[in-house]
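**Q** If you want the building blocks of each chain, they are given just below.
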Amino acid sequence: MDVTALSAGQKYAASRPATEPTAATGGSLFGHVMNDFASTLAAGETTAKAAMVGDADPHALVQALAQTELAVETAVTVRNKVVEAYQEILRMPV
Amino acid sequence: MSEFSKALSVSASGLQAQSTRLRHLSENISNADTPGYRRKTVSFDAAMIGAHGVSEVKTGRVRLDRTELERIYDPSHPLSDQTGHYEGSNVNLLLELADAREAQRSYDANLKMFEQARAMSSSLMQLLRR
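These protein sequences, in sequence, are chains B and V.
Sequential numbering of the first sequence, starting at 1, is according to the working numbering.
Sequential numbering of the second sequence, starting at 95, is according to the working numbering.
In isolation and in its complexed conformation, chain V is listed as follows:
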């Protein structure tokens, strides 16, 4: 396995991790109005692929955000208690959007590295062609 193909596989793992992150973000956003929903946060781990000695990235365990759920006043809601409040989700749309933008930037960066590894390997082969 050449260095270029190792770089390709590392970049591909980064792309995959960022798309997993985006999936959890969209789960959070789509459940922003679900009562009692806690937002999910994703962690990243470096995974050593033993035989080739490259450290790829993979998403770790999904954790639930333990901050307080938002209390919404709506006496007509079926889940409301004696005071007329019910617990909404603790999703902050602004946070999710910022996180999504970060995921996109990281994805772009990984894509760029993928392209660069490809371009470098093909220009190396170009050297033999003249």
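Isolated chain B (complex conformation):
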């Protein structure tokens, strides 16, 4: 009786939970960061709209846009780094 295939299947089933994403750790933290990023962007947009119709101070507009630029720059850089790392993993010989 060939048990190697069966045992490989069992090992695979046993190791699967270890690689599953857990709800409480990295995911929620990253989601929190993303929410922060989105709210910075939204604040920038709101200020820009208000400045267009003359409600907001130009200093507030410049500040909000610089804040947005900073956030976008950070997000893009981190994303590039993450994608780079992911591609590095994909290139790993299996």
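Think of the hints as simulated: they come from the structure by calculation, not from any bench.
Being a predicted model, the structure only gives us computed values, none of them experimental.
If you only want the chain V side, here are some residues facing chain B, beta carbon under 10 Å, derived: (1) S103; (2) L109; (3) S113; (4) A211; (5) R212; (6) S215; (7) S216; (8) L222; (9) R223.
Some residues of chain B that are not near chain V, with every Cβ distance over 12 Å (derived): (10) S7; (11) S15; (12) F30; (13) T46; (14) A48; (15) M92.
We put the CB at the ideal spot given by N, CA and C, even for glycine.
Assemble chain V onto chain B, guided by the hints.
**A** Then chain V, alone, in the frame of chain B:
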């Protein structure tokens, strides 16, 4: 909120305060010939923004300069009294110009800090890009 964005918001508050100061200065200068006008002086207050613990600057209450109004001799002026004098404003154009120059220098300094915070944050991100 990172330190850089705090620095940006503090600099922006400084810019705003200096532009308010410039507004009051130009009010003084444009009213230099208004009879009975007293020049306005602006004060600056440090405002703590509670949640982030940064102290931004804001302009405080506008005060009127209590020095004596200039007495100008012009008997034909409708506001002149028995001696032929009327009260002009107490705006000293030289003072206003010096104050305006100071406001411009402070504005430049705040602008420089704004630029520097931006440059520093983007060079920090440059580190991750190589």
